[in-house]
Amino acid sequence: MSTASIPDDLLLRERFTDIKPPLSPQAAVIESNRCLNCFDAPCTAACPTHIDVPGFIKRISTGNLRGSALRILDANILGSSCAKACPVEVLCEGACVMHRYNSEPIQIGRLQRYAMDSFQATGEELLTAPRGSRNVQVACIGGGPASLACAAELCRHGAHAIILERNELPGGLNTYGIAEYKLRTSDSLREAEMIRRMGVEFRTGAAIETAEALEELESEFDFLFLGVGLGAMQRMNIPGEDQKGVLNALEFIASYKTGRLRELSGTVVVVGAGNTAIDAASAARRLGADTVYLLYRRGEREMTAFDFEYEHAKHEGVQFLWRRQPYAIRTSERGRLLLDTVQVNEVDKSLLPAPNSEHVIECDYVIPAIGQSPFAQLVQELRRIELRNGIIVIDPETGQTGNSRYFAGGDCANGGREVVDAVADGKRAARAILKIAEAAYA
Amino acid sequence: MPDIRVHQFAGRIDAPNPFWLASGPATNSGEQVMRAFDAGWGGAVWKTIGNRITNPSPRYSSVNWNGMRMMGLNSIELNSDRSLEENLRELSDVKKYYPYHPIIASLMVESKREAWHTIVQRAEDAGVDGLELNFSCHHGRNERGIGPTIGQVPDYTEEITAWVKEKARTPVLVKLSPNVTDIRLIASAARRGGADGLSAINTINSITSIDLDTFIPNPNVDGASTTGGYGGPAVKPIALNLIQQIMSDPAAALPLSGTGGISNWRDAVEFLLLGCGTVQVCTAVMHYGYRVVEDMAEGLENWMRTKGFATLDDFRGLSIGRITDWKSLNLNYKVVAHIDEQKCIGCDLCHIACWDGAHQCIHMDRVSGPVNGQVELHDGPPTVEFRSRTSIASTPVTRQERAAAASNHGPYPTPLAKIPRVDETECTGCNLCTLVCPVDECITMVPAGDNSAAENPAHRSQGSEFAAEPQRS
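If you're matching them up, the sequences are chains C and X in order.
Mapped onto my numbering, the consecutive letters of the first sequence carry residue numbers 1 to 442.
Mapped onto my numbering, the consecutive letters of the second sequence carry residue numbers 1001 to 1473.
Hints are computed from structural coordinates only; laboratory data are not their basis.
It cannot be assumed that every hint is accurate.
Under 10 Å between C-beta atoms, here's a sample of chain X residues computed to sit facing chain C [as the list claims (entries may be wrong)]:
1. 1066
2. 1343
3. 1344
4. 1346
5. 1349
6. 1350
7. 1352
8. 1389
9. 1391
10. 1396
11. 1410
12. 1411
13. 1416
14. 1418
15. 1422
16. 1438
If we take Cβ atoms under 8 Å as the criterion, some of the chain X residues that face chain C in the derived model are [claimed, not checked]:
17. 1067
18. 1069
19. 1071
20. 1158
21. 1393
22. 1398
23. 1399
In silico EDC-like pairs for lysine to aspartate or glutamate, Cα to Cα no more than 20 Å straight-line [claimed, not checked]:
24. 1165/X - 1211/X
25. 182/C - 302/C
26. 58/C - 1385/X
27. 58/C - 1365/X
28. 58/C - 117/C
29. 244/C - 216/C
30. 435/C - 74/C
31. 1343/X - 104/C
32. 182/C - 8/C
For each residue, glycine too, the CB sits at the ideal point set by N, CA and C.
With the hints as constraints, model all of the structure from the sequences given.
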C-alpha cells in the first residue's frame, strides 16, 4: 500500500476548497471555551462512536492537544475523517444544548478537526498492546471504515487483524466516495497509513468472491469481519443507459477524486435526490459544468438528502427539477445526449406519468444517483448467514451474524449510513470478538 | 433626572459624578487627564508623585480566564517616572481648564516630616483639591523602607498622616493596602492621625502566572520577575469585603473612595451601597479606554431612576447593615432548588455539581419515575454516563428517522430524560446548582421552611449543636 499513489492535485484542491476550513489556534480556543462542558453530554450520546466531546473540547481550551486527539481516537479511530465527513448537523452539533440556549451550536466538527490535525502534524504513532498478547486472528473483508475501525480496535488490544481490499487503495468510500470539499483522498489514505502502523496488515487488490476463498480464510483465521459495503449503484433500467456520457454517481466521484476526470463542461443531469446525488451535482458544478440539473421523481419535501446538503447544492448553483422521471436516453445529431423525461404524480403511493408532460433535456452527461444495490458477489457465497433485503442481519450489540464466526458492520449490515456509523459497527464487533476470545481463553 | 453629583466628599470635595480615575497609568499626564474629563470622568487621582523613578519593562501581566482577557491585571509599575515639576505644572494647567473636576494628588515620599511637608505644600500650591497618601503601593517600596511598610504598621500610618495634616489645607485621604491581617487597624490609625477620608483598596500582592517553558513568572524582566499588584474584575469581591469591614467599624469608618475591580456601573453601585462616597477605576480604563465611563454614568442614573433615588445619598450605605456575623444568621430559613422545566436546556451541570460538589440530591430519573429518599437509591453519575455511552446511536439518514429524532421531546424543549429532578427532602438549599446553571432564572431557590421562629447558631449553642466559631474548611 502506498499513500503516494495519488498526487496532490493543485487544480483539484483549488476547485474543491474545504467546505469547513480549519480553525486557527485562537479561534479554536475561543470556540472551545464556549462549550458548556455538559454532563452526560447529548453530543456524545448522539455520536454513534460516543466520542467524549466535552472532554476533547476542554482539552483544546487548556492546550492539551495531544490529550484531546487521543480522547477522540480512543472512541473513534477515524476521528480525523469523521471530523470532516460527518453530517454533524444531524449528529453531535444537532444535539448541542446551545440550540436551546438561543445560540449557535458549538462547532464540534471543526474543533475535532483542529485536534486531529494538530496530532497528525506531530507524526506520533498510536500505542498498542504488544502484538499477539491476545491470541485471536481476524480477517476483515473490505477496506472501508467499518473494517478499518474493527481491525484497529483489535490491534490496539494486541490481537492480529488483516484487511482484505479488492481495490488498489484502502479506505473504501472514504478514499473513493466522499466529496472532495469535505474529505480528500489523501486524508483518507493518511488515516489508513496510521492504522497500518498500528500493526494492521493490509492486502489490497485482494477480491474475496468465491466460496473457496472464504473457506481458505476460515481455515486461517478465528473470526471474519464483513465490511464489504454495498454493491454497484442501481441502474435506472431505461433504454440508452449504457452509452458514453452516462456514468453513475460513485464512478463519477471516484473519477474526479483520483484525477481521471479533471474537467466538465456543458450540461449535467444528476438523477436522484440523496446525499450522493447532491455530492455529484455540486462536484459537477465545481468541475466546470455550466448547468447542472438534479432530477427527482418526488418533491422537495420527500428528498432524502440532509437539509444542509440541499442548501449547499442550491448555493453551488444546482437547479432542481421536481417530480420528473427519465424514461430514455438518446443521442442528438450533434452528439449530445437527449434525456427523455416525463412529469410524474403520486397517486395511491405509485408514481404515474402526467399526460403531455414529456420534456427532452439536451445535455452532455447523465449521472444516475439512485442508491446502491446489495453487494451481490460475496453475499451469494454466504449461505449460512441470514440476509434481509440483501442486508446482513447482525446482533446490533455485537455485530455477530447468524454464523458465530462471522461478524459484519458498515453499509453491508446497516443498509447504508455514514462513516461514523461504520466505525461504531466495526468497533463494537472488535470488542465483541475480544470478549469471546477472552472467555475462550479463560 | 437623578442627580449623581458628589457633594462635600471628605468634607470639601465636589465632583460632577462619583467616577474617578484611580492613581495609575491612566492619570499619568495632563493630556490624559483632560481627555478623561472630556470623556465624562468626574475626578482623577494623579499618578503618584514624589521621588522620580524609572520603571522596568515589561511591567504588566494578566490572568485570562475562559477566553476572557484581563480578568485580573498585575502591575510592577511604581510611581511616576516623570519629574515632580513636570507633573505639578501639568496638574496646574488642567485645573485651569477644568476647575470643577477634582484632582487629587497621590503622594509618596521618604518617611521624613519635612519631606512630607514639602510635597504637600507643592501639590497644594499647584491647585489640587485633595491629597491621597500612598502608604500602600505595595510593590517595591518596602525594600526602601517606605510605602507599604507604613501602610502595614498602624503607628507609622498614624504618625505620617498627622505630619501631613499639620500642613495640609485640602482633604487628606489615606489609601489602604489589602495586604494586611486586619485592615480596620490601619484605617483606624489613619483616622486617629486626622485623615479626612480613605481610599481602599490598593492592589493585592500577586504572581499572576509562570511561563511553563522558561519557568520564569510574568512579567519577565530579563529573566526575572517580581511580586506585583493585582487589580481588575477578579479583586472586586475582596475589595467589597474589606470596605465592608472598614465601614461597619465606628473606629475606622471615614468618607471612603472605593476602588478594586470596578468595571461597570453595577460594580460601582455595590461600592456605594457599602458606603463609598466615590469610586475609583483603573484596570477597566487600561483595558478599554476612558469611554467606559459613559455607560457607568448612564447606567447609574438609569438604575437610580428605576429605584426612585434622587441623589447618591439616598442609597449610600444601604447594604452595610445587611452583613452580619455568621452566628447571627437564621438557621430556620430553608430554601430548596427548583428547576423550571421550560427553561432547562439539558446540560445537566446541576446534576454533576450536586453529586460531586454538593449534597447528591439532583437526580437524572425523570423517566424511570421518582425515587424519593436516600441517595443510595439513585443512579449516580457514572451509571448515568455508562448508560448513554453504551447505547447504540446511529445517524438518522431517512426523513422518517430525522422526524422521529426531532419529535421525541415530551412537553418541554428538552427531552424529559435530560431534565434533572430535585429531591427536596434531601436538598440542603446550598445554592450551588443555581450558580452552575447557564440559564438565567432556570434554577431558583424557593422557600421550603416550616415557618418556625428565627433561630441562629448562637441560640442553638445554648443547646448543644453550636459552639464558638464555625468550621469553614
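Hints, verified against the model:
Interface restraint check for residue 1066/X: the shortest CB-CB distance to chain C comes to about 5 Å, inside 10 Å, so the restraint holds. Hint status for residue 1343/X: holds, given a least beta-carbon distance of 9 Å to chain C, under 10 Å. Look at residue 1344/X: its Cβ gets to within about 8 Å of chain C, closer than 10 Å, so that hint holds up. Contact between residue 1346/X and chain C, as hinted, is supported at the beta carbon level, the nearest pair being about 5 Å apart and thus within 10 Å.
Given the 10 Å rule on beta carbons, the hint for residue 1349/X holds: about 6 Å separates it from the nearest Cβ of chain C. Among the interface hints, the one on residue 1350/X holds; its C-beta lies about 9 Å from the nearest C-beta in chain C, closer than the 10 Å criterion. Among the interface hints, the one on residue 1352/X holds; its C-beta lies about 4 Å from the nearest C-beta in chain C, closer than the 10 Å criterion. Using the Cβ-Cβ criterion of 10 Å, the hint placing residue 1389/X at the interface with chain C is satisfied: the shortest such distance is roughly 5 Å.
Checking residue 1391/X against chain C: minimum C-beta separation of about 7 Å stays under 10 Å; hint holds. For residue 1396/X, the interface hint holds, since its Cβ comes within 10 Å of a Cβ in chain C; the closest pair sits about 6 Å apart. Of the supplied interface hints, the one on residue 1410/X is violated, with its beta-carbon coming no nearer than about 13 Å to a beta-carbon of chain C, more than 10 Å. Violation of the interface hint for residue 1411/X is found here, the shortest Cβ-Cβ separation to chain C being roughly 14 Å, above the 10 Å cut-off.
At its closest, the beta carbon of residue 1416/X sits 13 Å from a beta carbon of chain C; the interface hint therefore is violated under the 10 Å criterion. A least Cβ separation of about 7 Å between residue 1418/X and chain C falls short of the 10 Å threshold, and the interface hint therefore holds. Of the supplied interface hints, the one on residue 1422/X is violated, with its beta-carbon coming no nearer than about 15 Å to a beta-carbon of chain C, more than 10 Å. Contact between residue 1438/X and chain C, as hinted, is supported at the beta carbon level, the nearest pair being about 6 Å apart and thus within 10 Å.
Interface hint status for residue 1067/X: upheld, as the beta-carbon distance to the closest one in chain C is roughly 4 Å, under 8 Å. Restraint check, residue 1069/X versus chain C: the minimum CB separation of about 11 Å is more than 8 Å; hint violated. Given hint, residue 1071/X at the interface with chain C, is violated; its Cβ is 13 Å from that chain's nearest Cβ, farther than 8 Å. Hint status for residue 1158/X relative to chain C: violated, with the closest Cβ pair at about 48 Å, above 8 Å.
Contact between residue 1393/X and chain C, as hinted, is supported at the beta carbon level, the nearest pair being about 5 Å apart and thus within 8 Å. Because the closest C-beta pair between residue 1398/X and chain C is about 6 Å apart, less than 8 Å, the hint holds. The interface hint given for residue 1399/X is met, as the beta carbon of that residue sits about 6 Å from the closest beta carbon of chain C, less than 8 Å. Between residue 1165/X and residue 1211/X, the direct Cα distance comes to roughly 46 Å. Violation of the 20 Å bound is thereby established for this hinted pair.
Of the pairs offered as hints, the one joining residue 182/C and residue 302/C is violated, with about 25 Å between alpha carbons and a cut-off of 20 Å exceeded. Annotation: proposed proximity of residue 58/C to residue 1385/X holds, straight-line Cα distance about 18 Å (limit 20 Å). For a cut-off of 20 Å, the pair hint linking residue 58/C to residue 1365/X is broken: about 27 Å separates their Cα positions. Under the criterion of a C-alpha separation no larger than 20 Å, the hint pairing residue 58/C with residue 117/C is consistent with the structure, at around 17 Å.
Distance check on the hinted pair: residue 244/C and residue 216/C sit about 40 Å apart at the alpha-carbon level, beyond 20 Å; violated. Under the criterion of a C-alpha separation no larger than 20 Å, the hint pairing residue 435/C with residue 74/C is consistent with the structure, at around 18 Å. About 17 Å separates the Cα atoms of residue 1343/X and residue 104/C, which keeps this hinted pair within 20 Å; it holds. A hinted pair counts as satisfied when its Cα atoms are at most 20 Å apart, and residue 182/C with residue 8/C qualifies at roughly 16 Å.
Against the hints set out earlier in the document, violations occur for numbers 11, 12, 13, 15, 18, 19, 20, 24, 25, 27, 29.
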